[in-house]
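> Spelled out from the first residue to the last, the chains are:
Number of protein chains: 2
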Amino acid sequence: MKSYLFAPGPTPVPEKALLRMAAPIIHHREKAFEAVFEEVREGLKYLFQTQQEVLILTSSGTGAMEAAVSNLFSKGEKVLVIRAGKFGERWGELSEAFGLDPVYLDFPWGEPADPARVSEALSSQPDIRGVLIQASETSTGVMHPIQEIAAITSKRDDVVLIVDGITAVGVFPMPMDAWGIDVVITGSQKALMLPPGLAFVSLSEKAWKKAESTDTSTYYFDLKKYLASAGKNQTPYTPAIALVFGLHEILKMIRQEGLEEVFARHHRLADATREAVKAMGLELFPKFSPSDALTAVRVPESIDGLALKKAFLDRYGITVAGGQNQVKGKIIRIAHLGYFDSLDMFQVIAALEMCLYQMGYPVTLGSGLSVLAQKLA
Amino acid sequence: MKSYLFAPGPTPVPEKALLRMAAPIIHHREKAFEAVFEEVREGLKYLFQTQQEVLILTSSGTGAMEAAVSNLFSKGEKVLVIRAGKFGERWGELSEAFGLDPVYLDFPWGEPADPARVSEALSSQPDIRGVLIQASETSTGVMHPIQEIAAITSKRDDVVLIVDGITAVGVFPMPMDAWGIDVVITGSQKALMLPPGLAFVSLSEKAWKKAESTDTSTYYFDLKKYLASAGKNQTPYTPAIALVFGLHEILKMIRQEGLEEVFARHHRLADATREAVKAMGLELFPKFSPSDALTAVRVPESIDGLALKKAFLDRYGITVAGGQNQVKGKIIRIAHLGYFDSLDMFQVIAALEMCLYQMGYPVTLGSGLSVLAQKLA
Chain L
1 MKSYLFAPGP TPVPEKALLR MAAPIIHHRE KAFEAVFEEV REGLKYLFQT
51 QQEVLILTSS GTGAMEAAVS NLFSKGEKVL VIRAGKFGER WGELSEAFGL
101 DPVYLDFPWG EPADPARVSE ALSSQPDIRG VLIQASETST GVMHPIQEIA
151 AITSKRDDVV LIVDGITAVG VFPMPMDAWG IDVVITGSQK ALMLPPGLAF
201 VSLSEKAWKK AESTDTSTYY FDLKKYLASA GKNQTPYTPA IALVFGLHEI
251 LKMIRQEGLE EVFARHHRLA DATREAVKAM GLELFPKFSP SDALTAVRVP
301 ESIDGLALKK AFLDRYGITV AGGQNQVKGK IIRIAHLGYF DSLDMFQVIA
351 ALEMCLYQMG YPVTLGSGLS VLAQKLA
Chain P
1 MKSYLFAPGP TPVPEKALLR MAAPIIHHRE KAFEAVFEEV REGLKYLFQT
51 QQEVLILTSS GTGAMEAAVS NLFSKGEKVL VIRAGKFGER WGELSEAFGL
101 DPVYLDFPWG EPADPARVSE ALSSQPDIRG VLIQASETST GVMHPIQEIA
151 AITSKRDDVV LIVDGITAVG VFPMPMDAWG IDVVITGSQK ALMLPPGLAF
201 VSLSEKAWKK AESTDTSTYY FDLKKYLASA GKNQTPYTPA IALVFGLHEI
251 LKMIRQEGLE EVFARHHRLA DATREAVKAM GLELFPKFSP SDALTAVRVP
301 ESIDGLALKK AFLDRYGITV AGGQNQVKGK IIRIAHLGYF DSLDMFQVIA
351 ALEMCLYQMG YPVTLGSGLS VLAQKLA
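Chains L and P, in that order, are what the protein sequence lines are. The first sequence begins at 1 in this note's numbering and counts up by one. The second sequence begins at 1 in this note's numbering and counts up by one.
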């Protein structure tokens with residue numbers, strides 16, 4: 001059976017990048033590596049829509065989240081943690097692990113954050129020094145209103161906005177400089193279409209200034225060292241060299257397609273998937289503001305969600321994501337970020353229709369596929 | 001021109017592993033990944049010569065060094081840091097970054113640590129709770145006497161021995177359990193013959209017990225989470241999946257060759273290289289106790305060390321390592337760890353002879369090569 005990845009990371013890797021990464025390894029302290037690194041730095045700035053340096057860490061995305069927390073805040077400092085899913089909770093765990101004083105602003109899973117409540121929290125607690133949020137909450141498929149929140153935080157000299165863009169960067173527009181976001185993070189295995197192993201983080205001038213005076217213990221993730229090395233087209237510690245070469249290919253592909261078209265393609269696929277799912281009589285999990293990275297679908301009450309996920313894999317070789325924590329078994333998540341185009345979506349929607357049909361759910365075969373074709377024609 | 005890697009990491013990657021890593025990516029929360037992970041765990045225990053779990057981190061080796069420091073010690077705790085090169089200094093930097101109270105025991109670059117002085121330090125300062133050392137100090141090519149030091153620390157219930165085995169594991173014998181080492185670390189891009197991006201760490205029971213009561217801030221490198229996940233053939237955060245697949249191939253190769261033969265091969269190549277270099281009239285940098293991972297050679301006074309390193313690359317496409325910090329330009333380091341066999345060494349010794357000859361050094365062409373052939377025949 002063929003295998004298909006429709007999970008929100010890791011995502012499929014283009015053949016071009018796979019082959020580039022399979023080339024014999026070269027030493028990272030040589031000019032040949034540095035020349036590639038220099039182009040990669042430029043490509044990342046284009047992707048992040050920033051003039052700032054985008055630092056390359058050898059870690060998962062969580063490593064970059066830790067780097068943001070440990071470089072920007074001191075013990076006891078108050079931060080506003082927006083929680084509306086599993087990754088919002090991770091910001092909270094990190095804040096607690098590093099001894100910050102997190103104030104939680106919770107929204108129900110499946111809903112986006114409300115900027116008015118962020119504004120209220122910052123007004124009523126003027127000692128809050130940072131806001132930690134996801135742009136796309138991968139566990140619920142919801143997009144948070146980053147532009148609106150950045151408009152609030154950028155008015156405050158003493159508050160930084162830290163955005164986990166792990167399933168947002170390269171998916172939908174989030175121009176770091178234009179919106180005034182202070183820290184943007186992403187990982188290699190999402191819209192960057194690479195295997196996991198690299199994480200990326202970029203800091204605004206305001207963020208770098210704040211990072212000067214923090215007292216938290218950090219070494220491997222000490223971002224000042226990465227910034228100093230980047231200027232010499234290097235990293236302070238041995239980087240995941242093969243992935244950097246793969247990244248070089250990917251960034252060329254992104255530049256060739258053009259960021260606007262990358263965003264438009266993701267939106268086209270996301271919109272068509274959502275409409276197809278609704279046409280099958282299913283309900284989207286996000287009440288509104290769905291992320292274009294993935295479509296989270298409520299599993300009908302009569303269907304066992306874990307069995308549905310298993311049917312995708314066993315019958316059609318498709319890996320989709322299930323729900324995590326409080327929505328385990330209650331949703332499935334179909335990704336369309338990264339190396340996906342129109343025809344890919346017919347495979348996963350066909351599988352969804354057929355799995356539900358085989359499991360006894362009253363779905364009209366072809367109902368989702370027809371709408372998909374109408375939307376993508 | 002062909003390219004050759006003779007630096008002490010990254011080292012050449014076998015074609016088998018390159019191709020395995022170029023296969024389409026699969027999701028790490030699926031059974032197919034877990035089955036591979038289970039075999040990898042067993043292979044790592046064989047390699048580390050331990051019954052303990054060997055944890056897999058997505059980071060460079062420095063990340064695993066940080067994990068050891070941040071998981072095993074509390075702020076203010078006294079540790080003995082053995083410094084005899086750049087990586088010994090890194091233990092010191094890490095200890096300071098995490099607020100420990102490092103006591104330094106320094107040896108000249110090019111010399112191994114003296115176990116008697118370690119013993120003295122532990123006796124005279126009974127509040128020392130850990131000893132941090134390299135097994136193979138990559139910056140000088142020296143092997144430290146780990147067995148002797150472990151014999152000292154294993155008599156103390158309140159002292160743990162942390163060994164950076166980054167250029168030691170899979171190079172020469174260092175049986176973790178038999179010698180009573182508490183923490184062993186390595187990285188993917190050395191004897192494990194993979195691209196950089198994975199690091200490995202294993203803890204003795206004594207080390208796990210000590211890790212229970214520490215107060216240092218850690219999240220991404222929280223080893224308790226990696227241990228809990230490993231039991232389920234998983235990692236707490238997305239691992240560098242492609243590298244885990246490459247590792248699967250490599251561990252099969254190591255098991256097929258057999259650890260004893262892996263060690264014997266490294267010793268054979270190291271011994272022959274050292275004798276060849278001496279036969280050319282050159283001096284080894286280590287006074288005694290050279291590491292079998294690499295041969296550090298003093299650059300003759302009449303020769304510019306940086307120019308020699310450049311000649312290797314420009315004339316023969318060979319990357320060797322130069323000296324770092326205080327020995328910059330004064331030594332070159334030729335690696336023979338990982339995917340190397342006898343015939344490889346003729347290439348690098350030939351290049352060394354010819355480079356020196358071309359630079360006007362009075363070397364008899366063939367002098368090193370002859371000895372190499374005699375040793376390896």
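Fair warning: there could be bad hints in the mix.
[Said to hold, decoys possible] With a cut-off of at most 20 Å between alpha-carbon atoms, the simulated SDA-like pairs for lysine to any residue come out as follows:
(1) K310/P to A32/L
(2) K278/P to S302/P
(3) K31/L to D314/P
(4) K310/L to A35/P
(5) K310/L to K330/L
(6) K16/P to I26/L
(7) K31/L to K2/L
(8) K225/L to E38/L
The hints are simulated quantities; they were obtained by calculation from the structure and are not laboratory data. Keep in mind the model is a prediction, meaning the values are calculated, not measured.
> Against each hint, give a clear statement of whether it holds in the structure.
Outcome of the hint check:
no.: 1; hint: K310/P to A32/L; result: 13 Å, holds
no.: 2; hint: K278/P to S302/P; result: 17 Å, holds
no.: 3; hint: K31/L to D314/P; result: 11 Å, holds
no.: 4; hint: K310/L to A35/P; result: 17 Å, holds
no.: 5; hint: K310/L to K330/L; result: 14 Å, holds
no.: 6; hint: K16/P to I26/L; result: 17 Å, holds
no.: 7; hint: K31/L to K2/L; result: 41 Å, violated
no.: 8; hint: K225/L to E38/L; result: 17 Å, holds
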